[in-house]
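Enquirer: Residue-level listing of the chains:
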Amino acid sequence: DAGITQSPRHKVTETGTPVTLRCHQTENHRYMYWYRQDPGHGLRLIHYSYGVKDTDKGEVSDGYSVSRSKTEDFLLTLESATSSQTSVYFCAISEGGPTGELFFGEGSRLTVL
Amino acid sequence: GESVGLHLPTLSVQEGDNSIINCAYSNSASDYFIWYKQESGKGPQFIIDIRSNMDKRQGQRVTVLLNKTVKHLSLQIAATQPGDSAVYFCAEGANTGNQFYFGTGTSLTVIP
Numbered sequence: 001d002a003g004i005t006q007s008p009r010h011k012v013t014e015t016g017t018p019v020t021l022r023c024h025q026t027e028n029h030r031y032m033y034w035y036r037q038d039p040g041h042g043l044r045l046i047h048y049s050y051g052v053k054d055t056d057k058g059e060v061s062d063g064y065s066v067s068r069s070k071t072e073d074f075l076l077t078l079e080s081a082t083s084s085q086t087s088v089y090f091c092a093i094s095e096g097g098p099t100g101e102l103f104f105g106e107g108s109r110l111t112v113l
Numbered sequence: 114g115e116s117v118g119l120h121l122p123t124l125s126v127q128e129g130d131n132s133i134i135n136c137a138y139s140n141s142a143s144d145y146f147i148w149y150k151q152e153s154g155k156g157p158q159f160i161i162d163i164r165s166n167m168d169k170r171q172g173q174r175v176t177v178l179l180n181k182t183v184k185h186l187s188l189q190i191a192a193t194q195p196g197d198s199a200v201y202f203c204a205e206g207a208n209t210g211n212q213f214y215f216g217t218g219t220s221l222t223v224i225p
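These protein sequence lines map, in sequence, to chains A and B.
Position 14 (the first sequence) corresponds to 14 in our numbering; numbering is contiguous.
Heads up, our numbering is the position in the second sequence plus 113, with the first residue counted as 1.
So here's chain A without its partners, still in its complex pose (with noise of 0.2 angstroms):
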């Protein structure tokens, strides 16, 4: 298994309130991409990541800031958490970015009530 792991993997808040999310990775790889998975939208890209202090937006980035500081972490911050936003947080990575092998971590679930 690709070594990835998420933080928190469940997590409840409430409106307005800030969330972060962290991914780490122990493979090294160049791309960090965070996805969100919501029911009869199959995986959506919030933004990815393609080296250290390197980011970019997704198709569902509103909402969502990220930062890469080191090789290993990329986290995911809602500034202030909204219903819609509830979901599952997938985080993946890839050494050779939409062309090379993408491998998942195994989620976090975050309710927004």
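Rather than coming from a laboratory, the hints here were simulated on the basis of the structure.
In this text, a Cβ means the ideal position worked out from N, Cα and C, and glycines have one as well.
Some hints here could point you the wrong way.
[Said to hold, decoys possible] Label-pair restraints from in silico Cβ distances:
id	chain 1	residue 1	chain 2	residue 2	range
1	A	GLU59	B	ALA192	35 to 43 angstroms
2	A	THR17	B	LYS155	25 to 33 angstroms
3	A	GLY63	B	LYS169	21 to 29 angstroms
[Unchecked claim] Derived lysine to aspartate or glutamate pairs resembling DMTMM-like cross-links, with alpha carbons at most 25 angstroms apart:
id	chain 1	residue 1	chain 2	residue 2
4	B	LYS184	A	GLU101
5	A	LYS11	A	GLU106
6	B	LYS155	A	ASP73
Given the coordinates of chain A, work out where chain B should sit on it, guided by the hints.
Expert: Just chain B, lined up with the frame of chain A:
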């Protein structure tokens, strides 16, 4: 955005039979494809991949077929087992892009 879809949302097969799961994609520039298996409460698990310069690739009990003419991808599982019950979905990526695109998945149920 890209369109990656699956023909059937659910599939039930008898244990020991072969399973075929299909996927259609719309981006002619896509040159890399992955099949994932996702069990309830877990992250997607990489099964097998194929590049556009290939038509077929085999793994352990799984085969992926790629038909670039009609932009169709399929996953064949031989001798399906109860442990194969899960949601399967495909992903596509391209050198010209910066992200993968995913289908919503097919739920496979293996009947003992």
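Enquirer: Checking against the hints above, which ones are violated?
Expert: Violated hint (a single one): 3; every other hint is consistent with the structure.
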